[in-house]
Amino acid sequence: MADSKKRPPCVLGFYKTVTHVTGDICGGVLITSHLGRPIEFQCSLPVRPNATQQTLYGSSLLPFLKGELIAEALHDKLEAKPDIVFVDDPEAVSDTIWGTIPVLCFAEVKDWLSRSIKGKSASLSPAQQERFEKMEPLLKQHVPDSADLSEPLVRVEQALKEAMGQAA
Amino acid sequence: MQDYAPQQGSPLLLPAPRVDSIRNDLQIQTLTTGANSALKRWPKVTVNSPKLLTRPGFVPTWKPFWQKPKTIQVAFPDIIEFQEPKAESEKKELRRLKPPQASGEGEEASAEKKKKPTRIKPPDDLLSMEDRLFYILQPPLENWLSGQELVMPFEPFAYQYEGIAWLFSQKSALLADEMGLGKTMQTITAVRLLLRSGQVRRVLMVCPKPLIPNWQREFKLWSEELPVTTMEGDSARRKMLWEMQSIPVLLTNYEILVRDLQNMEEEEYPRFDLVVLDESQRIKNRDSLTSEVIRRIPRRRSWSLTGTPIENRPEELASLFEFMGVVPARSSPDMRQLKKLSDVYILRRTKDLVQPDMPPRLDRDAVLELSPAQQSAYDIAEKEGVVQLNDMGDEITIQHVFELVMRLKQITNCDPLTGESAKKDRLLADMEEIAASGAKAILFSQWTKTIDWLAEYTKPFGALVYHGGVPTTKREPILKQFKEDPNSHLLLMSYGTGAVGLNLQFSQYVFLYDRWWNPAVEDQAINRAHRIGVANPVIVTRFICKDTIEERIDLVLRQKRELFEKILGDGDASTTSLSLNAAEVFGLFDLKARSDKGTRSIGPTSEKAA
Chain H
205 MADSKKRPPC VLGFYKTVTH VTGDICGGVL ITSHLGRPIE FQCSLPVRPN
255 ATQQTLYGSS LLPFLKGELI AEALHDKLEA KPDIVFVDDP EAVSDTIWGT
305 IPVLCFAEVK DWLSRSIKGK SASLSPAQQE RFEKMEPLLK QHVPDSADLS
355 EPLVRVEQAL KEAMGQAA
Chain U
24 MQDYAPQQGS PLLLPAPRVD SIRNDLQIQT LTTGANSALK RWPKVTVNSP
74 KLLTRPGFVP TWKPFWQKPK TIQVAFPDII EFQEPKAESE KKELRRLKPP
124 QASGEGEEAS AEKKKKPTRI KPPDDLLSME DRLFYILQPP LENWLSGQEL
174 VMPFEPFAYQ YEGIAWLFSQ KSALLADEMG LGKTMQTITA VRLLLRSGQV
224 RRVLMVCPKP LIPNWQREFK LWSEELPVTT MEGDSARRKM LWEMQSIPVL
274 LTNYEILVRD LQNMEEEEYP RFDLVVLDES QRIKNRDSLT SEVIRRIPRR
324 RSWSLTGTPI ENRPEELASL FEFMGVVPAR SSPDMRQLKK LSDVYILRRT
374 KDLVQPDMPP RLDRDAVLEL SPAQQSAYDI AEKEGVVQLN DMGDEITIQH
424 VFELVMRLKQ ITNCDPLTGE SAKKDRLLAD MEEIAASGAK AILFSQWTKT
474 IDWLAEYTKP FGALVYHGGV PTTKREPILK QFKEDPNSHL LLMSYGTGAV
524 GLNLQFSQYV FLYDRWWNPA VEDQAINRAH RIGVANPVIV TRFICKDTIE
574 ERIDLVLRQK RELFEKILGD GDASTTSLSL NAAEVFGLFD LKARSDKGTR
624 SIGPTSEKAA
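Here the protein sequences come in this chain order: H and U. Note that the first sequence covers residues 205 to 372 in this note's numbering. Note that the second sequence covers residues 24 to 633 in this note's numbering.
Since the hints were derived computationally from the structure, they do not count as laboratory data. Treat the hints with caution; some may be incorrect.
Unchecked claim - Within a straight-line C-alpha distance of at most 30 Å, the following computed DSS-like cross-link-like pairs (lysine-lysine) qualify:
1. 406/U to 432/U
2. 144/U to 93/U
3. 447/U to 281/H
4. 281/H to 569/U
5. 210/H to 243/U
6. 406/U to 472/U
7. 344/H to 210/H
8. 91/U to 314/H
9. 363/U to 194/U
10. 365/H to 506/U
11. 324/H to 86/U
12. 503/U to 210/H
13. 285/H to 482/U
14. 93/U to 210/H
15. 406/U to 365/H
16. 139/U to 243/U
17. 281/H to 91/U
18. 472/U to 503/U
19. 285/H to 144/U
20. 338/H to 285/H
21. 324/H to 338/H
22. 365/H to 139/U
23. 314/H to 86/U
24. 506/U to 447/U
25. 482/U to 569/U
26. 506/U to 243/U
27. 144/U to 322/H
28. 363/U to 139/U
29. 144/U to 406/U
30. 139/U to 344/H
31. 365/H to 91/U
32. 324/H to 363/U
33. 144/U to 365/H
34. 243/U to 232/U
35. 86/U to 74/U
36. 281/H to 93/U
37. 93/U to 365/H
38. 285/H to 432/U
39. 322/H to 139/U
The structure presented is a predicted model; accordingly, all values stated were derived computationally and were not measured.
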């Protein structure tokens with residue numbers, strides 16, 4: 205019997221936000237091994253945009269909150285940095301916050317490239333194409349073909365709802 | 024200047040404007056310097072960036088700054104890896120096996136079930152958010168166990184996935200699935216997941232002594248990589264095993280556990296992350312030494328496994344709850360409270376519920392006429408016995424009545440003088456047919472003597488004997504021979520030894536040669552054959568001799584079956600495991616029980632009978 209402390213060959217990140225009926229937004233990122241086993245989870249406390257933010261960002265308020273403010277806070281706190289991040293909300297994507305980590309969105313994003321990964325169609329920022337292509341062989345090698353890469357996002361959503369329920 | 028003041032009584036009239044003209048024919052002299060053509064050319068504009076000599080006087084000093092949201096972290100323990108067993112090539116073949124599909128279950132229905140992943144839910148009584156998130160963020164069990172990370176020899180059924188997920192998250196749990204639904208497999212898999220995910224590191228598995236080989240076999244089948252250590256050997260070796268912290272799963276029986284721990288000081292007691300009690304009805308009496316010793320074991324999680332959480336009285340359930348730590352010591356929850364606790368801490372599924380299409384169990388009562396010699400012996404014994412009991416007056420005790428019942432039951436099995444037996448004759452006739460068809464049968468009796476006696480007559484059918492008189496080391500080979508030898512058609516077993524924990528689903532016939540005091544024990548015996556994996560209907564034959572004590576006992580037991588259903592839910596036909604109490608035994612002969620003994624159970628324990 206031995207504790208396995210080594211980093212898995214491929215570390216995946218799953219980022220999702222949930223909006224409460226009150227308008228508060230909560231975000232969470234789940235870091236898993238290539239087999240979906242959780243390694244780390246970070247979630248934000250509920251964020252409510254203030255009047256200044258609403259005035260300044262206007263129609264781009266949600267992309268700012270989801271894609272930048274919350275995502276950056278979570279990214280900074282992560283101890284296990286993922287090799288790739290998956291999201292399913294175009295408003296939560298950002299190709300700057302995650303630095304060199306490629307972000308794939310399981311939804312159409314304007315001006316992004318269309319890619320297919322483990323049987324699912326996804327969008328990829330043109331700026332991250334090169335980085336993604338470098339790590340794509342890792343995904344192909346270590347993540348099982350039967351893996352459902354959108355499933356962990358369901359876990360994140362449930363966890364956020366549980367957290368918001370307790371915070372409320 | 025004109026006077027604009029209006030005249031008195033006349034309207035205001037503005038005068039017409041005066042227009043002056045100015046001459047604009049000014050003379051401009053152009054010089055012949057070439058400047059005119061230069062003016063007509065487009066100027067060239069260039070930009071230079073000279074450095075400022077001083078700090079500029081106006082700079083916007085405000086820029087947006089947003090405080091970062093606070094975050095919460097959930098940490099997951101490191102994965103514990105066990106050395107994978109060898110002979111990988113053989114196992115790969117094993118992985119492809121699928122469980123037998125219940126008849127009538129189409130592929131579409133199976134596919135539909137597979138679509139719904141089994142998620143681990145946090146228990147209702149878990150308050151810490153981090154702990155709750157830990158369970159929510161675990162992958163669905165199907166992903167975990169589909170061979171990506173852990174190998175399973177067979178794919179579990181949907182209800183088994185649910186059971187595993189439930190156990191995984193429970194600190195206090197009573198898995199009370201009906202016999203044959205795979206409590207062992209669900210427990211082993213949940214233990215495996217807890218060990219692998221670092222949630223537990225030291226597990227104590229306690230079971231009745233005859234079931235040790237069964238647990239060893241099942242651990243090897245369902246989690247081959249887990250090292251399981253069986254508590255055996257002399258006291259010095261056992262002491263060493265109790266003290267070793269690095270044993271992930273320690274398997275022991277109730278007797279050794281009590282013997283070893285009662286000699287220890289309480290502060291010396293070994294500490295476990297999880298204690299699992301198989302056939303946990305063994306601690307139904309909270310005052311027994313076994314219960315007291317087990318409750319003292321320091322532990323973080325407490326699981327009970329039993330198909331019969333209530334054998335005689337609801338208070339037995341309270342004893343199990345006390346072990347699980349969900350009721351205070353010595354408390355006596357009422358029926359309403361027990362029901363409430365059952366909803367939270369008990370998971371019970373019946374075959375009807377989870378396997379509606381499982382091959383049925385066909386019960387048939389073989390009501391037999393006693394042979395003439397038996398009838399004569401029976402009549403004399405009953406007449407004399409009742410007369411004696413009546414003559415005793417106030418000195419009569421439950422033991423006297425019980426002795427008479429036992430004597431009469433033995434006569435219904437066989438006439439002691441002539442050896443005549445209506446049951447034996449019927450059994451031999453049935454076995455002719457069963458053996459000819461190549462099928463197998465198991466027979467249960469209360470007495471080892473009866474079993475040995477029957478073994479002589481059933482030799483032509485390759486009968487094998489399995490009861491408490493058979494040494495433990497010889498029992499596994501007997502079961503193996505019964506399973507594999509095509510000439511072995513009958514296994515003669517005692518209720519005490521053979522009724523629990525064995526997997527004999529390849530047997531299509533079950534004979535209950537005599538009736539046990541408790542229908543739950545009979546059900547357990549029958550479910551050795553009628554369990555998950557059974558391919559054909561199981562025919563159960565209960566031998567009941569007409570106009571004898573057996574008919575009267577059968578009637579009482581049937582009436583009592585419904586009494587405790589309300590505690591564990593409707594439609595649960597097998598939980599009603601009630602022994603006859605003293606008043607009911609007296610009633611068998613129209614005698615009245617002493618008032619202070621009215622509720623005492625008089626059935627022998629299964630161990631004694633074996």
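Consistency of the hints with the structure:
Distance check on the hinted pair: residue 406/U and residue 432/U sit about 14 Å apart at the alpha-carbon level, within 30 Å; holds. Restraint check for residue 144/U and residue 93/U: the C-alpha separation of about 26 Å stays at or below 30 Å, so the hint holds. A hinted pair counts as satisfied when its Cα atoms are at most 30 Å apart, and residue 447/U with residue 281/H does not qualify at roughly 77 Å. Taken as a hint, the residue 281/H and residue 569/U pair is broken in the structure, with Cα atoms around 79 Å apart against an allowance of 30 Å.
Annotation: proposed proximity of residue 210/H to residue 243/U holds, straight-line Cα distance about 28 Å (limit 30 Å). Of the supplied pair hints, the one linking residue 406/U and residue 472/U holds, its CA atoms being roughly 25 Å apart against a limit of 30 Å. In summary, the hint linking residue 344/H to residue 210/H is supported, as the alpha carbons are separated by about 20 Å, within the 30 Å threshold. Proximity of residue 91/U to residue 314/H is assessed by CA-CA distance (about 28 Å); at most 30 Å being required, the pair is judged to hold.
Taking the CA atoms of residue 363/U and residue 194/U, the gap is about 17 Å. The hint holds against a cut of 30 Å. As the CA atoms of residue 365/H and residue 506/U are separated by approximately 52 Å, the hinted pair breaks the 30 Å bound. Taking the CA atoms of residue 324/H and residue 86/U, the gap is about 41 Å. The hint is violated against a cut of 30 Å. Using a Cα cut-off of 30 Å, the hinted pair residue 503/U and residue 210/H is violated, with the two alpha carbons roughly 44 Å apart.
Straight-line distance between C-alpha atoms of residue 285/H and residue 482/U comes to about 71 Å, which puts the hinted pair past the 30 Å bound. Among the hinted pairs, residue 93/U with residue 210/H is consistent with the structure: their alpha-carbon atoms are about 29 Å apart, no more than 30 Å. Pair hint residue 406/U plus residue 365/H does not hold up; C-alpha atoms about 74 Å apart against a cutoff of 30 Å. Distance restraint check for residue 139/U and residue 243/U: the Cα-Cα separation of roughly 29 Å lies within the 30 Å cut-off, and the hinted pair is therefore satisfied.
For the hint pairing residue 281/H with residue 91/U, the CA-to-CA distance comes to about 11 Å; that is within 30 Å, so the pair holds. Straight-line distance between C-alpha atoms of residue 472/U and residue 503/U comes to about 23 Å, which keeps the hinted pair within the 30 Å bound. Pair hint residue 285/H plus residue 144/U holds up; C-alpha atoms about 27 Å apart against a cutoff of 30 Å. Using a Cα cut-off of 30 Å, the hinted pair residue 338/H and residue 285/H holds, with the two alpha carbons roughly 17 Å apart.
Simply put, residue 324/H and residue 338/H have alpha-carbon atoms about 19 Å apart, close enough for the 30 Å limit, and the pair holds. For the hint pairing residue 365/H with residue 139/U, the CA-to-CA distance comes to about 20 Å; that is within 30 Å, so the pair holds. Restraint check for residue 314/H and residue 86/U: the C-alpha separation of about 29 Å stays at or below 30 Å, so the hint holds. Restraint check for residue 506/U and residue 447/U: the C-alpha separation of about 24 Å stays at or below 30 Å, so the hint holds.
Restraint check for residue 482/U and residue 569/U: the C-alpha separation of about 28 Å stays at or below 30 Å, so the hint holds. For the hint linking residue 506/U to residue 243/U, the alpha-carbon distance of about 19 Å falls within 30 Å, and the restraint holds. Taking the CA atoms of residue 144/U and residue 322/H, the gap is near 28 Å; set against the 30 Å cutoff, the hint holds. At most 30 Å may separate the alpha-carbon atoms for a hinted pair to count; residue 363/U and residue 139/U meet this at roughly 28 Å.
For the hint linking residue 144/U to residue 406/U, the alpha-carbon distance of about 62 Å lies beyond 30 Å, and the restraint is violated. Annotation: proposed proximity of residue 139/U to residue 344/H holds, straight-line Cα distance about 26 Å (limit 30 Å). Note on residue 365/H and residue 91/U: the hinted pairing holds, with a Cα-Cα distance of about 21 Å set against a maximum of 30 Å. For the hint pairing residue 324/H with residue 363/U, the CA-to-CA distance comes to about 45 Å; that exceeds 30 Å, so the pair is violated.
With a CA separation close to 13 Å, the supplied pair residue 144/U and residue 365/H stays within the 30 Å bound. Taking the CA atoms of residue 243/U and residue 232/U, the gap is near 18 Å; set against the 30 Å cutoff, the hint holds. Between residue 86/U and residue 74/U, the direct Cα distance comes to roughly 25 Å. Compliance with the 30 Å bound is thereby established for this hinted pair. Under the criterion of a C-alpha separation no larger than 30 Å, the hint pairing residue 281/H with residue 93/U is consistent with the structure, at around 10 Å.
Restraint check: the Cα-Cα separation between residue 93/U and residue 365/H comes to about 17 Å, which is no more than 30 Å; the hinted pair holds. Distance check on the hinted pair: residue 285/H and residue 432/U sit about 74 Å apart at the alpha-carbon level, beyond 30 Å; violated. For the hint linking residue 322/H to residue 139/U, the alpha-carbon distance of about 20 Å falls within 30 Å, and the restraint holds.
Checked against the numbered hints above, the structure breaks hints 3, 4, 10, 11, 12, 13, 15, 29, 32 and 38 and satisfies the rest.
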